[in-house]
Each structure stands twice: as structure tokens, then as C-alpha cells.
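Undergrad: Chain A is fixed; fit chain B onto it per the hints.
Going down the list, the sequences are from chains A and B.
If you want the numbering used here, it's the position in the first sequence, counting the first as 1, plus 94.
If you want the numbering used here, it's the position in the second sequence, counting the first as 1, plus 303.
It should be emphasised that the hints constitute simulated quantities derived from the structure, not laboratory data.
Keep in mind that the hints are not guaranteed to be accurate.
[Stated by the list, open to error] In silico DSSO-like pairs for lysine-lysine, Cα to Cα no more than 30 Å straight-line:
{"id": "1", "chain 1": "B", "residue 1": "Lys554", "chain 2": "A", "residue 2": "Lys185"}
{"id": "2", "chain 1": "A", "residue 1": "Lys215", "chain 2": "B", "residue 2": "Lys406"}
{"id": "3", "chain 1": "B", "residue 1": "Lys406", "chain 2": "A", "residue 2": "Lys198"}
{"id": "4", "chain 1": "A", "residue 1": "Lys185", "chain 2": "A", "residue 2": "Lys198"}
{"id": "5", "chain 1": "A", "residue 1": "Lys200", "chain 2": "B", "residue 2": "Lys419"}
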Amino acid sequence: MKPKWACPVFLFLGLAIPCPPAVAHHGAVGYDYTVPRKTLKGTVEQFSWQNPHTLLLLDVKDDKGNVVVWTMELNNPGNLVELGWNHSSLKPGDEVTVTFNPAKSKPNGICVDVMFSDGRKLHSSQGCVGGELKSFDELRQLDK
Amino acid sequence: MNCGSSINKRALGSLVALAAAMALFSAALAAQTGPASATQTASAKAQAANSKSFDPHDLNGIWVLTPRRQMAITENRPPLTPWGQAKLSQVRSSWTNPALGIKAAPESEWNDPLYKCDPAGYPRTMQQIFGEIMRFVQTPTELLEFFEWDHTWRDIWTDGRKLHDDPEPRYYGYSVGRWEADTFVVDSNGFNDRTWLDPWGDVHSNQMRLKETFRRVDRDHLEWSITLDDPMTYTQPWGPSEKRIFQLVPKSPRSEYEELREDFCVWSDSSGFFKDADTIGVGDAPARGNK
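Extracted from the complex, chain B is given alone in its bound form:
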């Protein structure tokens, strides 16, 4: 018992000594490396925050153009063909853009298709301030791009199919996409010629082809660029555009809910607006007067 007690005391003493040594060693280590370690930890955290384990091939999410604005492909429009000149001469925009040489027309002449609630079409929906909010949803065979305005979408096929040689003309065209390293490349054709390219009224034909690139530069930011090729309207390709930056957001800032907003132009509402708010007689009916 005594012997055992002696051994236990010696063992206890050794443990205490070992613990004290470890404590001293730890303290010394902390004194030597503490600040550097803290810096390294902060740096690592920052790196982790920046990378946030994003997959560059994962484009899912709601994206908002930053800063929000409306745009032309670039403000250096290529020379127009005679056909393009004739078509642009018919445009009566409500906007002025000196760089594009477009001056707002008198209100009574405006012929913006959107004022009749026509579909914005592509790429105008992305270059118009109500279209700067969109959502990507990836499936095994396609990337779906949903637009807040018109509450509509386009299919970007990723299953290896090719563009049609003579596609049906439509507002949002026909698109195929592929990955080139970490850049998603989209080729499109099959657009009708009923839409404007931008709010100023730049025109295109049904021969328009688009090439776009999307690249997720970090977890929260997506880079987008667009080039237009329409030999019927322009003598050379237009673009590439500047790289526009979209930011990942949990919801549309314009929605009351955690999703894209349902944002339609409804002609019955619009005509009602003209009826009730028209102040100069451009609308369908005079404003309401006295009861």
C-alpha cells in the first residue's frame, strides 16, 4: 500500500511536471508565434471567404447586374448597312443617347415596342433596367435563364445539339452553350426582328447571331460579355461588350418574396394607367375628373 502510494505520488508528480512543462511550452510557443498565427488565420479566413468553395461551373442562383443600369452592346455602334439605316430611321425612342446618335422623339411619336407591352426579347431584356435581374437554373441538358421582366426564360441547350440552320424566328432566339475551361460560351440565333436591342432603339434583323460568355469570377460575381453579328444590319460585328458584372443575391431586390419578381406588362393595366394618369391626352382616354 505504501509502495503503491509512493508510486502513485511519483506518478502524480511526474504528471504535474509534464503538465507544467507543456503549459510553459505552449505559452512560449504562443508568445513566439501568436500574432503571426492570428494573421495567418485571418488571411486563411479571408481566402476562404473569397473562394467560399464555389464551383466555377455552377451558375445556379439569382444574379443582379452591378451597378444596375441600361446599356447598348457598346457605345461604338458599327456602321449600318442601308437596310439597317432604313430600319433605324423608323425608330422613335423616348431616350436620348448622344454616343449612339439617338435623340428622344416627341412623345406623340414614340414607338417603343415595350410601350405596347410587346416582349422585350433578347438581348434587350438583359440591357434594360428591369431585366438586370435574372436567375440561372442548371439541369443536365440545359441552362435555363429566367428573366424578371415578362417572367419568362430562354433555354440554353448544353446537350451537344447545334444551332439550326433556318430556325423559327422568335423573341428569345435559340441558344446552345458549352464550357471552355471555366467560361460558359453561348451561341444564339433564330431571333425575330421585332425587338429593339436596347432602350434607345438600336435595331437588328432576323439574321442576328449572338456570342456570349459567362464566367464566375468568384463565389458572388459573374462576368458577362456579348458580341452581336448581324451582317444584314451592320457592316461588322458589334462588340464584344465590356465585361458586365452580376452579383449573386438571395432574392430579387424588387420582390416582396425570396424569388424573382413576377413582373409583367399587362395591357389592360397599361391602358387603365393611360386612362387614369394621362396628363396631356396621349393616352386612350382623358384623366378622371370631378366625381
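Bound conformation, chain A alone:
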């Protein structure tokens, strides 16, 4: 059973514990939680194991065959370790499928699930609203 503090909510520096209304290092207003989560298949261009948030840059071909770099915002490294990741979980060239909440106007994603071709899955709770929707809504109202 996942410890209580490991519940994914949206938190400062990507840390995952339930707590009062909180936002991350930057706000969430750039993400659109009103639309369905998006799924894309792509090739890992870069996996930056860093604070404040680990980044996954994914090369994805659009409908016209053009390569678009999607930036996935993940938890910070410490929290990813707790979620089963490590610094070499992803390598350039890996073919993966990601499911995430997309940004409103840019090729960015948050609250990311990564599925590997062999069926393995990894989850990043960064930006997942979880049970804190009310708090999150308050924040969105605040930033309007």
C-alpha cells in the first residue's frame, strides 16, 4: 500500500505528499486539465535528471511527418526515486509511449505515465491533481 504521503498531488518542487493548496516551482495555469489526457508515441531525445524537475524531451512525429519536441515535466529526482525511477530509467533513442495532461498552447505535458515497449510502466506524479481538485481549482481561480 502506498504511504499516505506518497499520494500524488500538485506540489512545490514536485514533491508528492498531501498538503494545503500548493503549486509547483511554476504555476499550473499553463496546463489544461479540462481536456482528456493525451497519448503520444515518440523517441527519447533527452532525459535530464535534475532539480527542480526532471525533464523528458520526446521527439514525436506529427500528422505531416514533422518532428515535434514534446517536453514532459516530471517530479524532481528524489521523488522519482520513490516512484521507482532512477537516473537511467530513460535513455536517448528509447521508444516509449507517454500519456499526460497537455499544456494549453505549447508541446508540454505534465502528470506523465511512460510505457515501454516491453510493457514496463513508470509514473510521475508531478502535476497530478489527485484528490486535491478543489485546492487546484482555487489556484486556477487565483491566477485568472
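TA: Just chain B now, with coordinates in the frame of chain A:
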């Protein structure tokens, strides 16, 4: 030979009888006292497990706040002085805490020092969720407290020295500690006023003094409480806080290895993050677009 044989037979018979008697006695004893003895044994084992021969004056180890959370000293902040009010009015936090009367500011106004990778300082590092993991190392002259965040430490001197009257202001202050029975008492001063006390942005001056108590309540748990006295900022002392419980762990749960995690805020990484992940233009540069 016969005589000897007879004696041996008698001796053997006696031994057999003695063994049989002992076996019967043991069986009877077990029948009478078995369950109680088992209970007593279990109880003794439980007691041993609880005590696990810990030394209450031994604080060495990696400790994790349980449950992990972020905190203010208490949620009943004492009245602010005019100086304190002015300072708090400058705070633009990204967090809301109704009990403290702090509401998150619009993102463009946030001025949390940590967002610039400034040191967390003390006591914020202990009240912030990345700082809830720390390690004590005792030496004959001091207790070293290592913090996971910033991969830094403070010295708590135990060699009898006193606090300085006019110490150099710094992020982690100047601390001395002593034992009062089984409670380790820490007095600190010498803090600069560049840090927040907690994630909500509670303020302090360089006149802040802290009194803390650490007590190992059993082998695996350490109790911590803190009181803040800063007459320049607050009209009365703030605290003592509730007793927070730290649990002894073999490693940081956030580390890939058997130790504290090296967890720095690195501005070159942070600025890169803003460049690559900024979705609304708050960062240093727009997000990457099409190749």
C-alpha cells in the same frame, strides 16, 4: 567382573530411572507453565524489540519526519511588530495557508527565495518537505546535523561554549547544545534575515533566537520541538511547536543509495527547466518548439 557388571547394571538402571524422572518432571513443568512461559517470552521479546538497547543520548542516524509534511512553527502566529508587518507584507508566496492568513500570490509575483536557489536556511529546511530528512552525527565536541536539501549541515556545539553576543549573521545560524536528562536542548542565534521560516513565507529578523528539544523516545523515534523568539518581528515568542516525530531509517527514501540524497537547487538547471518547461512565459525563455 560379575560384581563390576552388576554395579554397572545398577548404575545404568539408576541413570535410566533418573532420566525418566527428569523427563516426567520436565513434562509436568511444561504442562503447568508452558503457555505462561510462552507469553512471558513473547512479552520479553516485545519489550526487547521496543527498547532494542538504544542509548537515549545517541542521536546518530538518518531520521525522517513522520508523517512527511511541511509546517509553520505553529498555526497560531503571535502578533507581529510593525517591523514584522512591513516585512511580511513584502512576501509573495506560492502557497495558501488560511490559518496563517497567507494566500498564494499570482505566479508572476512569487518571491520565494528558494525559487532563486537561495539556501533554505534554518529552521525552514526542517519545515519544508524536502528538508524532512536529516542525519545526526555525534562527535565528542559537537552534534552535526546534515540536511538532505542543499546537502548542507549545521554545527551544534556540545563542548560547553556559549552563543556569541554579536554573531555573524548566516543562513544556518550558530548553535550550542546540552543534555538535560535525556533531552538534548539546542539554543541558536546568528541567523541572517534573508530566509523564510516556512513555505508560506513567515518572516524573521537577524535577532531571531531558537530553542529546540530533541528526545529519543525509543530506538526508532525522535521527538523534536522548536520555539522561536524574535522581538523585532513578533511581540511574543512563537511556540513551542507540537512535538514532531522523526523515524530512524537506514537510508533516505529519496536516495538511490544507502545515504542522504545529494539534493541541490542548481540555478543553471533551474533556468534550463524554465527554458524547456515554461508554459506561460514566466521563465527566462520560451519553450522549445518545432525542430
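Undergrad: Going through the numbered hints above, which ones does this structure break? Give me the numbers in ascending order.
TA: Structure breaks hint 2 only.
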